[in-house]
Structures are given as structure tokens and as C-alpha cells.
Amino acid sequence: MRLILKNIIWLTVHGFIMNPAFSQGMTAADIVMKADEKFNGEKSSYSIISMTIVRPSWQRTIDIKTWSMGRDYSLALVTAPPKEAGQSFLKRGSEMWSWIPSISRLVKLPLSMMSQGWMGSDYTNDDILRESSLVNDYLHEIAGEEIIDGRLCYKISMKARPDASIVWGRQTRWIDRKDFLVLKAELYDEDGYLVRTETASDIRIMDGRTVTTRIELVPAEEPGNKTILVIRDIKFNLPLGESFFSQQNMKRVR
Amino acid sequence: MKNNVNDFMSINQRIVLCLLAVFIFFPSVSQEKERKIELKGYFSTLQTVIFDSLSGPFANENLLHNRLNFKAYLNDHLTIGAEFRNRLFTGDLTMLGTAYTDLIGMDRGVVDMSWDLLREQSIYLNSRIDRLWIDYNYRKIQVTLGRQRINWGQTLVWNPNDIFNAYSFFDFDYVEKPGSDALRLQYYPSSSSVAELAFKLDNEYDLTAAGLFRFNKFGYDFQFLAGLVNSEDVVMGAGWSGSVGSLSFRGEGSWFSPYEQFPKSRGTILVTSGLEKVFKNNSSAAIQLMYSNNPLGFIDFYSILGGELSSKNLAFSEFTAFGQFTWAITPMLNLTVSSMWFPDLDGYYAGPSLEYSLAENVDFSVIWQHFDAVLAGVRNIINLGFLRFKYSF
Numbered sequence: 001m002r003l004i005l006k007n008i009i010w011l012t013v014h015g016f017i018m019n020p021a022f023s024q025g026m027t028a029a030d031i032v033m034k035a036d037e038k039f040n041g042e043k044s045s046y047s048i049i050s051m052t053i054v055r056p057s058w059q060r061t062i063d064i065k066t067w068s069m070g071r072d073y074s075l076a077l078v079t080a081p082p083k084e085a086g087q088s089f090l091k092r093g094s095e096m097w098s099w100i101p102s103i104s105r106l107v108k109l110p111l112s113m114m115s116q117g118w119m120g121s122d123y124t125n126d127d128i129l130r131e132s133s134l135v136n137d138y139l140h141e142i143a144g145e146e147i148i149d150g151r152l153c154y155k156i157s158m159k160a161r162p163d164a165s166i167v168w169g170r171q172t173r174w175i176d177r178k179d180f181l182v183l184k185a186e187l188y189d190e191d192g193y194l195v196r197t198e199t200a201s202d203i204r205i206m207d208g209r210t211v212t213t214r215i216e217l218v219p220a221e222e223p224g225n226k227t228i229l230v231i232r233d234i235k236f237n238l239p240l241g242e243s244f245f246s247q248q249n250m251k252r253v254r
Numbered sequence: 001m002k003n004n005v006n007d008f009m010s011i012n013q014r015i016v017l018c019l020l021a022v023f024i025f026f027p028s029v030s031q032e033k034e035r036k037i038e039l040k041g042y043f044s045t046l047q048t049v050i051f052d053s054l055s056g057p058f059a060n061e062n063l064l065h066n067r068l069n070f071k072a073y074l075n076d077h078l079t080i081g082a083e084f085r086n087r088l089f090t091g092d093l094t095m096l097g098t099a100y101t102d103l104i105g106m107d108r109g110v111v112d113m114s115w116d117l118l119r120e121q122s123i124y125l126n127s128r129i130d131r132l133w134i135d136y137n138y139r140k141i142q143v144t145l146g147r148q149r150i151n152w153g154q155t156l157v158w159n160p161n162d163i164f165n166a167y168s169f170f171d172f173d174y175v176e177k178p179g180s181d182a183l184r185l186q187y188y189p190s191s192s193s194v195a196e197l198a199f200k201l202d203n204e205y206d207l208t209a210a211g212l213f214r215f216n217k218f219g220y221d222f223q224f225l226a227g228l229v230n231s232e233d234v235v236m237g238a239g240w241s242g243s244v245g246s247l248s249f250r251g252e253g254s255w256f257s258p259y260e261q262f263p264k265s266r267g268t269i270l271v272t273s274g275l276e277k278v279f280k281n282n283s284s285a286a287i288q289l290m291y292s293n294n295p296l297g298f299i300d301f302y303s304i305l306g307g308e309l310s311s312k313n314l315a316f317s318e319f320t321a322f323g324q325f326t327w328a329i330t331p332m333l334n335l336t337v338s339s340m341w342f343p344d345l346d347g348y349y350a351g352p353s354l355e356y357s358l359a360e361n362v363d364f365s366v367i368w369q370h371f372d373a374v375l376a377g378v379r380n381i382i383n384l385g386f387l388r389f390k391y392s393f
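So the protein lines, in turn, are chains A and B.
In terms of this note's numbering, the first sequence opens at residue 1 and continues consecutively.
In terms of this note's numbering, the second sequence opens at residue 1 and continues consecutively.
These are computed hints drawn from the structure, not numbers from a lab.
Since we're looking at a predicted model, the values are computed, not measured.
You may find that some hints are simply not true.
The calculated lysine to any residue pairs, modelled on SDA-like cross-linking and capped at a C-alpha distance of 20 Å, are [what the hints assert, rightly or not]:
no., chain 1, residue 1, chain 2, residue 2
1, B, 277, A, 165
2, A, 251, B, 277
3, A, 83, B, 334
4, A, 184, A, 36
In isolation and in its complexed conformation, chain B is listed as follows (with noise of 0.2 Å):
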């Protein structure tokens, strides 16, 4: 058994080699009259503060992160994609010592594409493969293998439809996030409607296996989703976009349900929608609540902040409440304030932050968390600061 999974990943190393050495060759030969290659990416520094309060210890740390984007168009339906994301770590959470940086040095895919560059007591230097995929579409047919994001979210903040990986809204560093290794087959019966088959392991062997069917009518999206998520649940789904007046109008819901005692079990259910209005003066504002019959029980920051969040485990209150509003002041400056609400652990998030673009492509943005909950029976209140300059390419 050892074997054939030494062998499995052999097969997954060589593919990926493979998908590496056609962007190492194919520039020479793709002199024609539209680029076959195309390469896009940012390179950013993070400072990030962390403190309870303001006459406490501060824990700074800073992250100098790249990303490289490569898409290369091999003919009319063959298209190769890779990106790769390096980020260099100093201060004093990297001090901290392994816990920290095993963490951000995991890979959950089934090929483990994530490596360790230089790892000492104050510096650390991860490299990983984000995305390697290869798709290919014909007529109505797309299929897509390896590495890649497949997103089934349709609403602005919590997204219970989005089963291959749930997408965390405090996490703005990573809007990306991890790719998924699967095999998706996407059909489109219409213009605007499409039925999808996806295939995802992870790094433990597990499976998340589902279909969707989305399709346009009343002036709506609507979705329906089933299927296995991580060999553990059973999941059914669905989803709405579409708008009320002036107003835009989404929502989803998921039952996961154990698959050894479905269908008797009561699961957990995820529903949630919102509203947003766009306003003349360049100015937004949203809301969105969220029910879930089986909130997260132990909860500690790190799992608000999106550590292990999984499209089950979005919710740490029975209700929670979301609101924003963005207003662009200028098109170079933009300030969005938003909040949340978690009635169960009397507790709310706060965050004001300002973006302004510097140059062409340079970005400034400062960016403040705040949090005030009772975990565990304590009250805890934890900020973090963020300063970033972006330059995309």
C-alpha cells in the first residue's frame, strides 16, 4: 500500500515537472502575432501589529510576499496555468518557533508543493505552487486538471455553497486562496447555465466529490449543488444572485449531513443572505446574516481569522450579523468600514481600512482588526494593523 502511494505521488511529480519544463521551453517558440505566454503577478510587503491593547507588548512581523501568474495558450483549447507564491517571514511570530511556521509552510493537496527555503529563528522563507492546471475546452465541454481554484460562492462574505474551499474574509492578504487538486468537468448546455462534475483529494486521501447545476431565469442565478465533502459529509445545496430593485439580492445554504448515518442525521445547516446597494456618490454598502443550527463550539482566534475554515465551519454563533460600506472618495482612495456581530460569543469585529493608489500599479493600504468576544469563557480583545504596499505587474 506504501508503495502504491510512493508511486501515485511519483506519477503526480512527474506530471507536475512536465506541466513546469513546457514554461521553461515554450517562450523560444512563441514569436507569434498573439503572446502565447502571459505573465502577471504582485510583489507586496505586509507589516502586521499585533496587541490586546494599546499599553501592552506588540508583536510585529513583516511579509514580503511575491506571486508569479503564468498562463500559457498552447493552441485554441489547450491551456496550461501555474502560479507561485513566496513569502518571506521576519519577527517576532516567526520567533516563535515551528508551530508557526509548520503552518504556513502546509501544503493540504494530495501533491505536497509547498517547500521550506530557509527556515532559521527570525527568517523564514516559504515557496509553493498555488496553482499547476491544465484546460482543455471544446464546444460546450471545459475540463480542468490539477491545482485550481473552483469557487461555488455567490454571496459577498460567508459562502456555505463553496465546498472545495471556503473563503475566509479576513484573510485579504490571500483574496486567491489555495487551489484544490481536482479533476472538474464543467458542461454549458446555454450561454448562461452550467453543469459541473468536480473531484477533489486532499492530503489525507480525502475526497470532496459534487455536481452543480446554475442556470439563469426571472433575471436570477439560481444553483443547486450535492455530493461527499471530505469523505465525511454528505452536502446539498443551493444558491440564488439576483436583484430586488436597485438592490442586489444573493444567498446560499448547505445541510452537510454525516454520510454513515445519512440521511437520518440532523446535520448542519448554513444559510445565509444579503443585500447590497450601490449608491450614486461612489459609495456601497452591504449586509448579510447568516443561521447555522450547528455553530463551532471551541473557537479561538486563530479559527475566526479562517485557520482550518471549511464551508461547515463558518459559523461560531447561531446568527451572525455582517454590514459594510464602501466609499470610494476618490477613484485612488477608498475607504470601506465593516463589522460583524456574533450574538453567542457577545462579541463583534470592527475594521476600518483605506486604500490608495500610489502610482499606475502601486497600492497603500492601512488596514485595522479588532475583535471583542468572550472565548472560552474569557473575554478577549486582540487588534491587528496592517500597512501594505502592493505593486501589481
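With the rest of the complex left out, here is chain A (with noise of 0.2 Å):
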């Protein structure tokens, strides 16, 4: 009884009086789980992404199918290049395993390949399965508002809590405030220097919800390389179980 008070009068505090979005009763902390679960379903999603590296000489595109269920659970199956197409990753908690077809064998993977770059992209492992969480491995707070193409937005910012083992140092993120649609993101390491930088355009429908269907994504000490992410397909709140991320589907997703 005394903690649900406790919380009572910490939401009262932060939620209401110190927080410029009192008038929707929402923190920055809110804002951030609403526009995350807007993107990655309140349960479960399921997505077609296909994924281009973009570099100074070259290009390549790898086209992939993700399903997640909370933060726990992730699969990732490459259905593009066919050098790569059939391999999967699969997360569990704190552990990820990779199926390779051609040779037939199952990889344990070491966590720490979580902050290294996903197939040659801009991307880490943790992007891909979503290993920390934007709102439990975070302190957030609301800085402003700015008007991002068109559409008012709140700018976040987050920085990582000390007993989080994150990528991140910290983020700032513009959320609109309409459809809390992530249209910007800044993430620095953890001695504050800026990494990277994702902008979000082409706003759809899809699966009844407005969102961001393309991201690009630009490294900031590498001129020249992004990488953009373009949606295809993204469904929400699948009946998924906790079977569906097993070492035997992981063999058989398609």
C-alpha cells in the first residue's frame, strides 16, 4: 500500500506538474513507450524490411523478416542475397543463437556481437534484436518541442541509466506528437560523442496504424556511408507464443 502511494505521488510529481506534456498526463518516459510500442506492437510484430548499405563506391541490399514478442524475444531470417538467404538469429533473453543452412549448423553467439555492425550494415545486432530497452535502460526527459517536415514534435532526451549495459551513452529523440511517430533520432556513445543519426519519412498506413515506412540511417564520422531501412510489410500483435522463438522454428521460418 505505502509503495502504490509512493508511485502515486512520483507520477503526481513528474507526470503532472514537472512535465511540459502534463496536459496528455504523459511523461517523456510515456511518450517514448508509446511511440516504441506504436512501431514494435504492444505484443508482437512481424516486418519485411529490406535493408540497403549505402557506401562512397558501392551498394548492397539485404532483404529480411523479423518477428519480435517484448524485448525477450526475437527472429530474424535473411531471405536476401542468396549467398546469405535462410540464415537466421534468433534471440532468446540473453541468448542468441544463428542457424547456417549450408553447412548445417547451429552458432551460439556471444552476446557482446550485440554492439558489432549487422551483416556489414549500420546497423548492430541490438537494432536488429532489440536487446536493451528505450524505456527501462533509460532516464528520460522532455526538452522542447520543434517541428520536424512539417509535424510538431517532442524532442526527448534519454540518457542511459548507470546500471544499464547498453550501446548507448545517450539519445535524443523527436517524437511527433499527432501519431508519436519517431521522425529523428540522435544516439551518442557513452563519452558523448554523436554515432549516429536516423531520420524516418514516408508516413503509411499499414496494418490500421500510421507509420514511418523508410529510415535512414548516417554514421557521423563516416561521410559518404548510410544505410536505409525500408518497411515493406509490418503487422502487430500476432498470436505468437513463446515456441515460436525456438531453435526448431528457427530452422523452419520461411
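The two chains are supplied separately, each in an independent frame; assemble them into the complex guided by the hints.
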């Protein structure tokens, strides 16, 4: 009872009085959570994504399908290019595996690979398999409001919690007030240097939701490099169970 | 007895024909939402040069290689796979005569599915069915029957646990490895564990039958296996995969003991363990060590390259060490340098290689394998150079 009371007081102080978003009764964390759930589904999501890696002299496209449930379960399947097609990645809690069909081998991957570039892109394993939580691993604050692409956005500063073992030190996210779309994000390392900027565009309705379907990721210190993510299809809250994210299924999923 | 064998063969051949028929007739009824038939594969050309010194004679060989991988999804539970391997050899090795081509054309499976389509003085064309299986999945059970790859390895280079078909590190042009004619039963007690039973027969009707249990605990995958290998040895083994800090830590060990003397014989013990580390600048390093109480006695380069490799015959030296460094200079260009040390042979292997992505699905590789070792009392040096273009589809 005392705990509940304490929470109510905390919410009152932080959520309604100190927060510029109090008119909607939302804290900075609520806004981030709402945007995250909107894009990733409250329970689960499925998406078909084309990822194009752009470098000054060449570009390559990788097609993937991903399924996720909460932050503990995710499965990614490569469908193109042919050389890598059929390879799948499974994450369950803090365990990660890869299935390599050409040699019929299941390979256990160390979690430290989370911060590595995923298949040569500017995305990390963490981005694809969603290990860290935008809501639980950060301290959030509304730093103001700005207009991005003609839409009024909350500007949210997020600082990594000291005990969270995550890739980023802090982030700034611009979240659209009307549809809770993340239109821009800046990600900084532990030393405070800007590592990459993400911008989202091509707003469309998919599976009944307004979502951004094109995300461009530009690394700060590598001119001419970027990774473009195009969402071909997305579905929310499919009835996926824990058993969907299994070693048996990662060999079969297609 | 002979007749029984013939009957058995013809039953097998009928199964082969039935499975092939599925692939021929299925496409006509497969125009549904999800693709029911899938075709993947590659074409490659591999130019090989073999020499002991730059001033000596060179042997040149060319291989045109095609692989076709078909998969048919009959329904939610049944899948059929068929993979074909077609190779056309020309060059100095082919001209050496039938000993070389016999070796290439040999099928170690219980059903001979290798065909010499052309065999002349300077040209050799072989076509074989490398995989042909039917797979049934129901709830937590998976049953696979036919020619398939059963890969129980955990470590990068040597796999004493891979008792159905050991992998040769040097045979980079055949990562799939030959299939086993086998029945494999898999039961998944949880989402990250499996209990397996597998039975394999080879061309001499020798049986390999074993069980494996793999599970996840304390952030590690552990596996235990036991069985019979080639109607000859009792095998018991264990393996693991996990990490120490940011290092991958894997290992496996097996004990092979002739079953007539089991458990009195000391048998052959193989134990290996390795570490891998991925660095921030897209490079990675790996080391692995192996110990065997009973390394192969007489060996030639053919056995080192993996000719008759079995999981029991991986070691040529009591201790063997391996090190590798890989650097993705760009995601298009990969440099790998690997080396092995065989103290008992007073020898080593060194192999730098470059792989460059020429276009979306075309890769170009330059590979050099250098061996220097004392074999049967004589120092041998041999170099193998390879150029490969590979188109994947």
C-alpha cells in the first residue's frame, strides 16, 4: 500500500507538474514507450524489411523478415541476397543463436556481438534483435518541442541508466505529437560523441497504423556512408507464443 | 544375400525416383500465395595450381562447379530437399588417370547416387545427388529421412563431435560436405534444447548410430553424445559453446574405443577448445588447440587435405594449434590469414586469402595454401593456389 502511494506521488510530481506534456498526462518515458509500442507492437510484431547499405563506391541490399515479442524474444530471417538467404538469428533473453543452412549448423553467438554491425550495415545486432529497452534502460526528459518535416514533435533527451549495459550513452529522439512517430533520433556513445543520426519518412498506414516506412541511418564520422531501411510490410500483435522463438522453428521459418 | 542387397538397393532407388518425381510434377500445382518450391545454388569456376617451388613444375587444374538446391514445402509438416552437385574437371590432375577421378566420383553413401557423365583422357564430368531427404515436423518432433547433413560440431576448425561427417578446414570449395544416408529423429523438450537419435549406413553397410542431448544452461550450450561409429568404435563425447567476457569459448571432446575391446581399450581421445573475438573495426581473431593421444601415423598431403577425414582421424600430431585473423577491410573485401602448427611433423600450414564481392551475387577469391612438414622422414613443401569466381542465385 505504501508502495502504491509512493508511486502515485511520484507520478503526480513527475507526470503532471514538472512535465510540459502534462496536458496529455504523459511523461517523457510514456511518450517513448508509446512510440516504441506503436512501431514494435504492444505484444509482438512481424515485418518485412529491405536494408540497403550505401558506401561511396557501391551499395548492397539485404532483405529480412523479423518477428519479435516483447524485448526478450526475436527471430530474424535473411531472405536475400542468395548467398546468405536462409540464415536466421534467434534471441531468447540474453541468449543468441544463428542457424547456417549451408553447413547445417547451429552456432551460439556471444551477447557481446550485439554492438557489432549486423551483416556489414550501420545497424548493430542490438538494433535488429532489440536487446536493450528504450523505456527501461534510460532516464527520460522532455527537452522541448521542435518541428520536423512540418510535424510538431516532442524533443526527448534520454540518458542511459548507470546500471544498464547498453550500446549508447545517450539519445535524443524527436517524437511526433499527433501520431507518436519517431521522426528523428541522434545516438551518442558513452563519451558523449554523436555516433549516428536516424531520420524517418514515408509515412503510411500499415496494418491499420500510421507508421514511418523509410528510415535512413547516417553514421556521424563516415562521410558517404548510410544504411536505408525500407519497411515493405508490418503487422502488429500477431498471436505468437514463446515457442515460436525456438531452435526448432528458426530452422523452419520462411 | 546378394539378392537381398539388390532388393534393398532397388527399393532405395525407387524412393529416389519418387522424390525426384515430386520436384518434376510439383511446380504445376504450386501457384499459391507462398512459394512451395524453392531453387537456390551457385555456379563457380575454380582454377587451381599446385607446385612445391616456384622454380619447379606446376600442375594446373580447372573445375566448373554447379550446385542446385531444391526445397519443396508440401504442407506445414512435410518438406523435401534435393541438392545436386555437378562438376567438370579439366587439367593436369585429370590427365593423371583414373585414380584421381575414381576418388572424385566415389559415393560413400548406402545408395550410389554419383554418375560419371563424361570420362575421357583430359576431361571428367561428374554429377551427384548430394542431398535427398524428406523432413516431417510435428509439434516438438522432427524426423528426417534420406541423404542429409548431420552436423554436431561446436568449434571452428576441428570437430571430434561431428561423428557423422567431419569437416575439413582446407576444403573451402565444399562447405556443405557430403551428406549421410541416415534417419534422424529430433525431439525438442524446450525452445533451446534438443534430444536426437541418428542412424547412418555407408557404402560398406557400416553403421553409425548415436544419440545426442544439447541444452542451454548458465549462458552456455552443452551437449553430450554416445553411440557407435562405422560399426567399429564406441564413441562418447561432449561439447560446449559459450563466452568468457567478450570472447566466444567453444570446445568438444570425443573418446573412440574399438567396441570389441570396450571399455578396456584406451582408444583414441580427441579434445579441442578455442576462443574467438570480434573487434570493433570489423575484424576478428580465433585460436584453437587440439590434443590427441593417438594421432594418425602414416600420412600424406591427401589425408591432411581431408580426403578420408573422419572425426576420429583429425589429428596428425599429439598437439595441434590453429590461429586465424579475419578483417573485413570493407564489407566487400575480406582478408583472412590462418595458420596451423603440427609439432610432431615439425610442420606448419599458412593460408592467406582474399575475398572480394564483385557484384551483388558474384564473389572473387584468391586463396593460397602453403604446407611445410616432415612426412615419412622426408621434408615436403607444397603450395596450392586458387582463383575462384562464384555466382550465387
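To see whether the hints hold, each was checked on the structure:
1. B:277 / A:165: Measuring from Cα to Cα gives roughly 19 Å; hence the hint holds.
2. A:251 / B:277: 26 Å, violated
3. A:83 / B:334: At roughly 15 Å apart (the allowed maximum being 20 Å), residue 334 of chain B and residue 83 of chain A satisfy the hint.
4. A:184 / A:36: It holds: about 13 Å lies between the C-alpha atoms, which stays within 20 Å.
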